[in-house]
Amino acid sequence: MIVIEGEYIGKIYGCYEIISRTNQRANDGHIIYNCRCIHCGIEKQMQLSSIKYKKSTECVHYVTIGNVTIPNVLEDKSIPDKRLRKIYLNILRRCYDTKDKSYRFYGAKGITVCDEWLSNPSLFYQWTISNNYKNTLTIDRIDEHKDYSPDNCRWIPFKDNTRFKSTTNYITATVTLSGRQWADLIPEHGTNYINKMIREQGKEKAIEYIEKRFSDKHNLYN
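Position 112 of the sequence shown, counting from 1, maps to 113 under this note's numbering, and the rest follow consecutively.
Hints in this document: simulated from the structure, not taken from any laboratory. From the three backbone atoms N, C-alpha and C, an ideal C-beta is built for every residue, glycine too.
Listed next, with one range per pair, are the computed distances between beta-carbon atoms:
{"hint": "1", "residue 1": "Asp144", "residue 2": "Asp116", "range": "16 to 24 Å"}
{"hint": "2", "residue 1": "Ile66", "residue 2": "Asn28", "range": "32 to 40 Å"}
{"hint": "3", "residue 1": "Lys213", "residue 2": "Lys100", "range": "40 to 48 Å"}
{"hint": "4", "residue 1": "Gln202", "residue 2": "Glu76", "range": "45 to 53 Å"}
{"hint": "5", "residue 1": "Pro151", "residue 2": "Ser21", "range": "39 to 47 Å"}
{"hint": "6", "residue 1": "Phe106", "residue 2": "Val61", "range": "27 to 35 Å"}
{"hint": "7", "residue 1": "Lys197", "residue 2": "Ile33", "range": "54 to 62 Å"}
{"hint": "8", "residue 1": "Lys100", "residue 2": "Asn132", "range": "24 to 32 Å"}
{"hint": "9", "residue 1": "Gly111", "residue 2": "Ile39", "range": "24 to 32 Å"}
{"hint": "10", "residue 1": "Lys135", "residue 2": "His31", "range": "51 to 59 Å"}
{"hint": "11", "residue 1": "Pro151", "residue 2": "Glu209", "range": "43 to 51 Å"}
All chains, full assembly: derive it from the sequences and hints.
Structure, rendered in structure tokens:
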């Protein structure tokens, strides 16, 4: 293949734009190019084979998740709390990474992250600290049809978060509770017992079991 002079100048691979060629060559004779990160402006020199290799074109100051590129919170510590960094990155993965196991419940349904949190992770951290965050809580969207944003998010206990999910199994037997909540009332079987029964035997069997166990409201709350 004949490489035309300047053919790659101006093209972008990953975070780097090829801005010019140098007078240097690699040991194997290939041309060395000057490249600049389109986000932070840092420049580095690479040969074409490295430029086309994904990991070589990821700037340490930024990370790409799915189709979005954000400041690298692991590198610059814009979110100083390790657990919050993990939560923040997981939010982005389920909204933008098509390979994430939860993408079908979020990104595939059009759920995104607001621009201010996406472009500046420290604003997510500031919102968190000023909204009664504790490491025993989990983030929850108030309206599951809306995005992750300051006006649609809150911090709640994990078991309450699962209660509000669209994938939660609800069972009505005198009162309506989630599978996990019913299981909490039958502690000898464990927290996943009712949901496991639904998967293996069907919801009707689970309802039948619950109704036998809790014949009325008095038995339910005592």
